[in-house]
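**Student:** Letter by letter, the chains look like this.
Protein chains: 2
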Amino acid sequence: MVLPFDILEYQKRLQAVKENMADRGIDVLLITDPANMNYLSGYDAWSFYVHQMLVILIDEPQPLWIGRYQDAGGAKVTTWIYDENVIAYPDYYVHSAVYHPMDFAAEIIRQIGQGKRRIGVEMDHYYFTGMALERLKQGLPDASFADGSLLVNQVRMVKSDQEIEYMRRAARIADLAMTQGVESVRPGVRECDTAAEIYYHLVKGTPEYGGDYPSIVPLLPTGDHTSIPHLTWTDRPFVEGSAVIIELAGCYKRYHVPLARTVAIGQPNEKMKQVAPVVLEGIQTVLDFAKPGVTCGELEEVWRHTIKKYGYEKEARLGYSVGMNYPPDWGEHTASIRKGDPTVLQPNMTFHLIPALWFDTDGIEISETFRVTDSGSERFTTYPQELVIRDHLDLSGQIS
Amino acid sequence: MVLPFDILEYQKRLQAVKENMADRGIDVLLITDPANMNYLSGYDAWSFYVHQMLVILIDEPQPLWIGRYQDAGGAKVTTWIYDENVIAYPDYYVHSAVYHPMDFAAEIIRQIGQGKRRIGVEMDHYYFTGMALERLKQGLPDASFADGSLLVNQVRMVKSDQEIEYMRRAARIADLAMTQGVESVRPGVRECDTAAEIYYHLVKGTPEYGGDYPSIVPLLPTGDHTSIPHLTWTDRPFVEGSAVIIELAGCYKRYHVPLARTVAIGQPNEKMKQVAPVVLEGIQTVLDFAKPGVTCGELEEVWRHTIKKYGYEKEARLGYSVGMNYPPDWGEHTASIRKGDPTVLQPNMTFHLIPALWFDTDGIEISETFRVTDSGSERFTTYPQELVIRDHLDLSGQIS
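Chains as they are written, first to last, in the working numbering: chain A, 1 to 400; chain B, 1001 to 1400.
Don't read these hints as lab results, they were simulated from the structure.
One thing to keep in mind: the hints can contain errors.
Below 25 angstroms or equal to it, Euclidean Cα-Cα: the simulated SDA-like pairs (lysine to any residue) are [stated by the list, open to error]: (1) Lys76/A / Arg1190/B; (2) Lys137/A / Ser1144/B; (3) Lys308/A / Asp1091/B; (4) Lys1314/B / Asp103/A; (5) Lys314/A / Tyr1092/B; (6) Lys1271/B / Val77/A; (7) Lys308/A / Tyr1069/B; (8) Lys1308/B / Tyr93/A; (9) Lys1076/B / Asp360/A; (10) Lys76/A / Val1086/B; (11) Lys1137/B / Val77/A; (12) Lys339/A / Lys1308/B; (13) Lys76/A / Leu1219/B; (14) Lys1308/B / Pro90/A; (15) Lys1339/B / Phe104/A; (16) Lys1076/B / Asp1006/B; (17) Lys76/A / Ala1316/B; (18) Lys1314/B / Leu1219/B; (19) Lys1339/B / Val77/A; (20) Lys76/A / Gly1223/B; (21) Lys1314/B / Ala88/A; (22) Lys1137/B / Lys1159/B; (23) Lys76/A / Pro1237/B; (24) Lys137/A / Lys1137/B; (25) Lys314/A / Pro342/A; (26) Lys1137/B / Pro141/A; (27) Lys339/A / Leu1219/B; (28) Lys1309/B / Tyr92/A; (29) Lys1339/B / Ser96/A; (30) Lys314/A / Val1086/B; (31) Lys1076/B / Gly223/A.
Quick look at which bits of chain B chain A covers, simulated, 3 or more residues with Cβ under 8 angstroms [stated by the list, open to error]: (32) 1187-1194; (33) 1225-1232.
Since the model is a prediction, treat every value here as computed from it, not as a measurement.
Note that the Cβ used here is the ideal one computed from N, Cα and C, for glycine as well.
If we strip away everything but chain A, and leave its shape as in the complex, we get (with noise of 0.2 angstroms):
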C-alpha cells in the first residue's frame, strides 16, 4: 500500500508534535483520536470503535501502534510504523466486563520503561473515555498525567501543499455531490432520495480518483426542519414551496471540504429572498477580510457588522479549523471563527465558514471552505455562491 504523503513529511509533524510535547513537558503522549493517529502515522481503518492507540515516546523517532490483533494487519500496511512497534491485545480485551485495552496498554508501557515518566493524554477527545483514563492511571501508577488535548492538532492547522492538493480533489468532489444533489431535488422525490443521490456522488468520486467517506453524513434538514441544523434524512417527500438545506462534504484520503447551499423548491418566500443576500453579503465580507495576520475574532467582527446592518444577529460560531477526521466531526476543534478567538491566520490554515442564520421555524445555510493564501484567501468549491431556485414550473418535463 502506499502512504498518502512521504515519509519525511509524516516524520517533520512528528518531529512539531514533539516540540509541543516538550514545552508542555510531556516525555510520553499517548494518541487516540484516530485523526491523530492517522496524521502521525498514516494508519486509517474503521477500527476505532475499538480501544486503540498511538504511542510517541520523545526520545523515540518511531511511534508504536497498539491495537486489537485483526487490525494489527492494518496498522502494519498502512503505516510507516516497524512491523516490530504494532503490538496488538487479543480478542478477549474487546467488550468485555473484566478485561480492558488499557491494562494491556499500560502493561506494555511499563515494560519498554516508560512506566514513571510525564504520560499525555487527549482528555477531551473523541473515543478516549472516562474509563480509559481510569485504567491508564490504575496501571501506572508511578507515571503522571497531563492534557494532551488539541496538541496534535495545533500542528494540523496549517497544511502542506500536499494536504491541499488533497483538499482541492475533496473540493471537486463535493461540487460534483452537490451539482447531483440540487439536480435530484423537486416536489415528490423524497429525502432519503437525494441523500442516496448524495452518497452515491461522494464516494464514487470522478473518474481520475475515488471519494472517501466523509465524517458526517450529508444533512438535509427541510421544511420546518431548516431551524435544526443536525436532523438527518427523512422519507418524506419534498414540498413545493419549502425549502431544503444541504450540508454534505467531499473526502479525498480523509481530508474534508464541506460545502452548504440553501435550495427552495418552488419560488422561496419572502423572508428567503430578504435573508439569503445578507448571508452572501456576510461571507464575501468575511473572504475578503481574511489574510495572514488577520486573527479569527477579527472575522467574525466584520460579519457581525455587515449583518447588523440589516437588523440581523447571530449567537453560534461562522466557522472552524477544517480538514483530516473521521466521524463524528469534520472540524478540528483548534480555531473557530467566532468573538475572541485569537488564532491568527496563516497561510494554508483552512476553515468552513458556515454563518448560518436560523429562526423559529426556518433557516438559511450557505457555507464555503476556504484557504488563507499569502495575501487573502480562495474558495476550495466553485459551486455557484447563490441561494438556489430548483423552480419545479420550469423543470416539468423532468418531474419523474
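Guided by the hints, dock chain B onto chain A, whose structure is given.
**Tutor:** This is chain B only, laid out in the frame that chain A set:
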C-alpha cells in the same frame, strides 16, 4: 414529527432502566451514549460530536435533555420530553479551551437539587471523555459517582415486536444493497464504484420506506486485504482471480441488520473452495443450535467443534448483540458470541453472527443476523448463504 415508538414503549424502557439503577444504587443516571439517549427519549440527530446528555432521575417521570443551543430544537421535535425539560448551553461552550459543557451540566444538576446524590455515568461509552468525567467530578464535589456503563444496553438486548419490525425493514434494505453491490463487482470496476452503489441503495431504501445511515460504512477489503477486516475502500480496480469481502448493514430508524459475503472475482481459488463450506457448515450449526436457554458461550462451542473437524480454529469472537446504534458501531457491547460468555438467549434477542476466518493474506467472511425465536432462531435477510462467485466470463456482455 411522529415518534418511531409509542410513548408507552419509551416509558416501559425507562422503567426497566430505573430498576437497573436501583439495583446498582444509582439515583441519577447521565446518559451520553447517543443510542441510549435515543432509546429512552427518541432523540435522533447528528449532534453527538459535541457533549450532550440525557439525565434520568430515579424519582422523576421525565428525563432532562442537556445539549447545545442549536440542537435544542431537535430535542423538542424528536423526543417525548416536555419542552421545559430541554436545557441548552450557549455556543461558546463548544470546542472551547475555557468553558466545558460538563461544567454547565453539573451546574444544572446542582440547581435541581441532585448535587449530593449517587450519579451514574457511562464510563466506557463513546463520547464520554476523560475530561467529561473530570469536569463533572469537579462540578459536583458532593456527589458520589458510579459506573453506569451498559446499564441501558442491557435493557436494549431483548427487542420489542416493533423493534423487530424495524430490523426486518433494515434486512430488506441490506438484501437490496448486497444484491446491487455484488452485481456491480467485476474486473476493472473500482472498489469506490461498488461502495457508491451499495451506499446509494442503503440510503434510498425501498419505494415503501427510505434507509437510514449505517453506523459503520460498507467495508470491502479486497485481494490481499481480505485478511484485514476494517480497511475501507480505495479507488483500485477489482482484479480477476481475487476476492472482495462485502460487509454492510441495512439501517432503518437507527436499527441495523448487518450482512457479510465473500465474493470471488472470477473462479475462486482452491483455498476459498475449501474454507467456504467449513464456514457455512459452522454458521448453520450455530443457527440450528440457537434457542432460548442456550448461552452465547455454548454457541461458540458448537462452532469450535464444527470447524475443528476440518483443522481450523479462530481467535476472535464470532458475533455480538446487534440493534440500534450510532457511529462508530452497530454492536450493542453487551453479549459476545465467544468462549465462556454467560449470556442466556431469550426470545427477541438479536445477534450478528460473523465467524470470519482470516489467514495471512486472505480471509472468508460470511455472516447472518438472527433473532432468537420462542423455540429456535431465524435469519433476518434472505440473501443466499454461499460463497458468491462473479465469473466475468459469464458476464462478458455486461462488462462496462
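**Student:** With reference to the structure, classify each hint as holding or not holding.
**Tutor:** Checked hints:
1. Lys76/A / Arg1190/B: The hint holds at about 23 angstroms.
2. Lys137/A / Ser1144/B: holds, 19 angstroms
3. Lys308/A / Asp1091/B: holds, 19 angstroms
4. Lys1314/B / Asp103/A: Distance of about 24 angstroms is within 25 angstroms: holds.
5. Lys314/A / Tyr1092/B: Distance of about 12 angstroms is within 25 angstroms: holds.
6. Lys1271/B / Val77/A: holds, 23 angstroms
7. Lys308/A / Tyr1069/B: holds, 21 angstroms
8. Lys1308/B / Tyr93/A: At roughly 24 angstroms apart (the allowed maximum being 25 angstroms), Tyr93/A and Lys1308/B satisfy the hint.
9. Lys1076/B / Asp360/A: With a Cα-Cα distance of about 12 angstroms, the restraint between Lys1076/B and Asp360/A holds, given a limit of 25 angstroms.
10. Lys76/A / Val1086/B: violated, 47 angstroms
11. Lys1137/B / Val77/A: violated, 41 angstroms
12. Lys339/A / Lys1308/B: Not OK: Lys339/A and Lys1308/B at ~65 angstroms, beyond 25 angstroms, violated.
13. Lys76/A / Leu1219/B: Roughly 18 angstroms between the alpha carbons, so the hint for Lys76/A and Leu1219/B holds.
14. Lys1308/B / Pro90/A: The given pair, whose Cα atoms are some 20 angstroms apart, holds under the 25 angstroms limit.
15. Lys1339/B / Phe104/A: holds, 20 angstroms
16. Lys1076/B / Asp1006/B: holds, 16 angstroms
17. Lys76/A / Ala1316/B: holds, 19 angstroms
18. Lys1314/B / Leu1219/B: Holds, at about 21 angstroms.
19. Lys1339/B / Val77/A: violated, 30 angstroms
20. Lys76/A / Gly1223/B: holds, 16 angstroms
21. Lys1314/B / Ala88/A: Satisfied, since the Cα-Cα distance of roughly 16 angstroms is no more than 25 angstroms.
22. Lys1137/B / Lys1159/B: Roughly 34 angstroms between the alpha carbons, so the hint for Lys1137/B and Lys1159/B is violated.
23. Lys76/A / Pro1237/B: Measuring from Cα to Cα gives roughly 22 angstroms; hence the hint holds.
24. Lys137/A / Lys1137/B: holds, 16 angstroms
25. Lys314/A / Pro342/A: Between Lys314/A and Pro342/A the Cα gap is close to 19 angstroms, so the pair holds against 25 angstroms.
26. Lys1137/B / Pro141/A: This hinted pair holds, its Cα atoms lying about 20 angstroms apart.
27. Lys339/A / Leu1219/B: violated, 42 angstroms
28. Lys1309/B / Tyr92/A: Within the cut-off at roughly 24 angstroms; holds.
29. Lys1339/B / Ser96/A: holds, 12 angstroms
30. Lys314/A / Val1086/B: holds, 21 angstroms
31. Lys1076/B / Gly223/A: holds, 16 angstroms
32. 1187-1194: n = 4 at 8 angstroms, threshold three: holds.
33. 1225-1232: holds (count 7)
When held up to the earlier numbered hints, the structure conflicts with 10, 11, 12, 19, 22, 27 and fits the remainder.
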